[in-house]
Amino acid sequence: MYFFYYPLGLSAQLIEGDDCSNPIDLSSISSPYIGSTINAADDYTEYGMSGSDLMFFYDLEPGTGLCVEGTDSNISLVLAMYVGGDCPGGQ
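Residue numbers (my numbering): 786 to 876.
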């Protein structure tokens, strides 16, 4: 007989933006966005950084600009932007 221990809520918890299958649509949220990476997976290791991460997307019309900033100076923040195609990591 085997027993498996799963903390309640964590094994089936879906974190919005956790990976490319459910990114957060920037056009559907207010600015500034206030959120957390708590319980999000460490899916991407760009630039040698590791830690929980979130994926966002925004469809831009040609000639449209976008400004993305991080305002919390108490964290190590890496912002990566990708243009077109599949999400990084092939997910």
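Don't take each hint at face value.
Ranges of calculated distance between the beta carbons of each label pair, as one might list FRET restraints [stated by the list, open to error]:
1) L799 x P847: 30 to 36 Å
2) L851 x I800: 19 to 25 Å
3) G848 x L799: 33 to 39 Å
If you're looking for bench data, these hints aren't it; they were derived computationally from the structure.
Heads up, the beta-carbon is just placed ideally off N, CA and C, and yes, glycines get one too.
query = Should the hint that G848 and L799 are 33 to 39 Å apart at their CB atoms be regarded as holding?
reply = 35 Å Cβ-Cβ, so the 33 to 39 Å window holds.
ask   = Is the distance from the Cβ of L799 to the Cβ of P847 consistent with 30 to 36 Å?
value = holds (33 Å)
request  = Hint says 19 to 25 Å; check whether the CB-CB distance for L851 and I800 agrees.
outcome  = holds (23 Å)
Checked against the numbered hints listed earlier, the structure breaks none of them; every hint is satisfied.
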